[in-house]
Amino acid sequence: LKSRLQIGAGLLRSALLAAVAVVCGGPSILAREPVHKGSSTATAVHPRAIWEGASLGAIDQRLFELALGAANCAVQMGKIADPSTLTVIDYSQPSTKKRLWVVDLHTHELLFEELVAHGQGSGNNMATLFSNDAETHQSSIGLFETKNTYIGKKGYSLRLEGLENGFNDHAMERAIVMHGAPYVSEAIAQTQGRLGRSWGCPALRETVAHHLIDRVKETGLVFAYYPDPKWLGTSQFLGNCVGNPGATGV
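Okay, so the sequence shown: first residue is 467 according to this note's numbering, each after it adds one.
By construction, these hints were calculated from the structure, which means they are not laboratory data. Among the hints, erroneous ones may be present.
Here are the simulated SDA-like cross-link-like pairs (lysine to any residue), alpha carbons at most 20 angstroms apart as the crow flies [to be verified]:
| hint | residue 1 | residue 2 |
| --- | --- | --- |
| 1 | Lys564 | Gly646 |
| 2 | Lys613 | Phe578 |
| 3 | Lys564 | Val674 |
Model the full assembly from the supplied sequences, consistent with the hints where possible.
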């Protein structure tokens with residue numbers, strides 16, 4: 467029964483990714499001419515062609531296209547002018563797998579492929595619960611913009627500004643930041659069957675956190691994915707870049 471459930475979950479995840487990626491490919495992130503809010507102007511080059519032949523590690527290609535489409539929408543909407551990096555987190559994967567990728571949007575290089583912890587309120591090895599509310603200790607999904615760094619209780623940390631109303635726009639007040647943590651490592655994943663968990667932050671291995679944060683700070687985007695039907699159906703950064711039926715327009 468367990469194996470059947472796992473197979474069924476995998477098929478559902480693939481179907482959701484495939485369905486959304488069809489409409490979310492979006493125009494090329496390399497076309498940096500500003501597109502004004504509400505404009506229907508699109509560039510000619512599809513992301514699939516731009517990234518053809520790029521080595522992107524173990525990331526699901528459909529997920530990458532979904533994330534790239536969201537980044538394109540953010541540029542078109544004027545949320546960010548010229549993002550330098552795109553960080554993709556696949557919270558549908560177990561914490562014991564490398565499920566965070568950072569790509570350079572200008573050179574088309576894979577910069578990092580890493581472990582990342584989720585919030586203790588989101589689940590054990592598998593994250594299944596997500597929230598935008600304080601005190602839930604749950605991770606948030608959706609598109610974020612990377613902001614400035616600071617040194618706090620968790621050491622060198624990167625502030626994240628959530629761009630999606632109702633899904634992650636409380637990230638700043640919740641202090642959802644990217645930081646290193648001693649409970650994120652291959653050794654811990656092997657010994658306890660999962661990584662340690664944060665209070666909602668995407669926590670990284672301590673040995674890589676500083677370098678990764680410096681690479682993505684201030685001019686990057688973070689796309690945190692989970693096949694949540696409500697988010698997939700209403701995100702303003704998915705679909706037509708204006709908002710699917712029921713979503714708040716921009």
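Okay, the hints, checked on the actual structure:
Restraint check for Lys564 and Gly646: satisfied, since their Cα atoms lie roughly 15 angstroms apart, inside the 20 angstroms limit. Proximity of Lys613 to Phe578 is assessed by CA-CA distance (about 19 angstroms); at most 20 angstroms being required, the pair is judged to hold. Using a Cα cut-off of 20 angstroms, the hinted pair Lys564 and Val674 holds, with the two alpha carbons roughly 13 angstroms apart.
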